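J.: Sequence:
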Amino acid sequence: MKNTASYGQLEQHNYIGVQTFESGEFISYHLDFEFFGDLIQGRAIADYGGPDETLYYIKGTYQNSILNFKASYLVWTKSDIPQRDYCVLRFRESIKNLKTVKAFSGQYKSKRSKGEQCSQGLLILSRIFTKRTPLQEEKETVTIAHEKETINQEQKTVVAIATPTKKLRSTPIKKDENLNVFVANKKVTLIIYDAGKVDDDRISLSINGEEILKNYSIDATKKEIEISLEKGKSVIQVYAINEGTSPPNTVKLEIKDGHKTISTRTSLKKGEKASLTILTN
6 MKNTASYGQL
16 EQHNYIGVQT
26 FESGEFISYH
36 LDFEFFGDLI
46 QGRAIADYGG
56 PDETLYYIKG
66 TYQNSILNFK
76 ASYLVWTKSD
86 IPQRDYCVLR
96 FRESIKNLKT
106 VKAFSGQYKS
116 KRSKGEQCSQ
126 GLLILSRIFT
136 KRTPLQEEKE
146 TVTIAHEKET
156 INQEQKTVVA
166 IATPTKKLRS
176 TPIKKDENLN
186 VFVANKKVTL
196 IIYDAGKVDD
206 DRISLSINGE
216 EILKNYSIDA
226 TKKEIEISLE
236 KGKSVIQVYA
246 INEGTSPPNT
256 VKLEIKDGHK
266 TISTRTSLKK
276 GEKASLTILT
286 N
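If you're matching positions, the sequence shown starts at 6 in the working numbering and goes up one per residue.
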């Protein structure tokens, strides 16, 4: 039987900083995680606001002053790099008093899915003390399920971050942008609605080239569309017919994948379009 706990009872840490590379280049890096005993689990956005913006889950431990975490699941990305070529980040560093320190840095290494090393460098992060971060779109009470997982050959309780009421956001999908969303199931549900002020934003929406909604007015009522993935992927395109009474045209889009809900939104001017590509993991 699963136990539940209020999301607010967990100790949450939010960080902002940079991920550096051997070449001297760097990208922005946002990290949120929750403590549950000596375990941590959360989310990270690499290249936040950039062309390769990517969200993934992280999980790990903080034991004996050692912070150890790795990317565990790719959620979505704006990059067009094939999934097999993605680098999986792993961070392990001695950090005293992680729960009170205001900033930390350390070496990371990353490998591709087949095990070959692809990059390394530094993560440099500063803690931000705020109720809202790039990974938290709405203030809401979230129920978190506790599940069993084997870690270091011992049974420990871990936090299941993706729950039916927990939504992971992206920055808005803008003109001509594409967001690749990774799912586990062959059938998912697309949910469309206006999460803010209803101002008669109108769109046309197509799935794999077939127009599903035409001149559709977005309101607070959630429109649900079942999608069966074709050959492992489906392309959803949103076209802005107008900008309503409060520009730009904004549409809340959610992908319900089993018990996970991945949330994003469009931000378009009249005549612009953007897309989501749903891919199986």
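Hint data in this document are derived by calculation from the structure and do not stem from the laboratory. Any given hint might turn out to be false.
[Unchecked claim] Mimicking DSS-like on lysine-lysine, the simulated pairs with C-alpha atoms at most 30 Å apart in a straight line are: (1) K83 to K114; (2) K191 to K228; (3) K75 to K238; (4) K202 to K236; (5) K227 to K202; (6) K202 to K278; (7) K192 to K261; (8) K192 to K227; (9) K278 to K191; (10) K202 to K83; (11) K114 to K75; (12) K179 to K275; (13) K101 to K116; (14) K180 to K114.
This one's a predicted model, so the numbers in the text were calculated from it and none came from an experiment.
J.: Each hint needs a verdict: does it hold in this structure or not?
T.: Comparing the hints with the structure gives:
A C-alpha spacing of about 22 Å is found between K83 and K114, which places the hinted pair at or below 30 Å, so the restraint holds. The hinted pair formed by K191 and K228 meets the criterion: a straight-line CA distance of about 20 Å does not exceed 30 Å. In summary, the hint linking K75 to K238 is supported, as the alpha carbons are separated by about 26 Å, within the 30 Å threshold. Between K202 and K236 the CA atoms are separated by roughly 37 Å; this puts the pair beyond 30 Å, and the hint is violated.
At most 30 Å may separate the alpha-carbon atoms for a hinted pair to count; K227 and K202 meet this at roughly 14 Å. With a C-alpha separation of about 21 Å, the suggested pairing of K202 with K278 holds against the 30 Å cut-off. For the given pair, K192 sits about 9 Å from K261 by alpha-carbon distance, which is consistent with the 30 Å threshold. Under the criterion of a C-alpha separation no larger than 30 Å, the hint pairing K192 with K227 is consistent with the structure, at around 18 Å.
At most 30 Å may separate the alpha-carbon atoms for a hinted pair to count; K278 and K191 meet this at roughly 26 Å. The hinted pair formed by K202 and K83 meets the criterion: a straight-line CA distance of about 27 Å does not exceed 30 Å. A hinted pair counts as satisfied when its Cα atoms are at most 30 Å apart, and K114 with K75 qualifies at roughly 10 Å. This hinted pair checks out: K179 and K275 have alpha carbons roughly 12 Å apart, not beyond 30 Å.
Annotation: proposed proximity of K101 to K116 holds, straight-line Cα distance about 27 Å (limit 30 Å). Between K180 and K114 the alpha-carbon distance is near 34 Å, which puts this suggested pair outside the 30 Å criterion.
In terms of the numbered hints stated before, the structure departs from hints 4 and 14, listed from lowest to highest.
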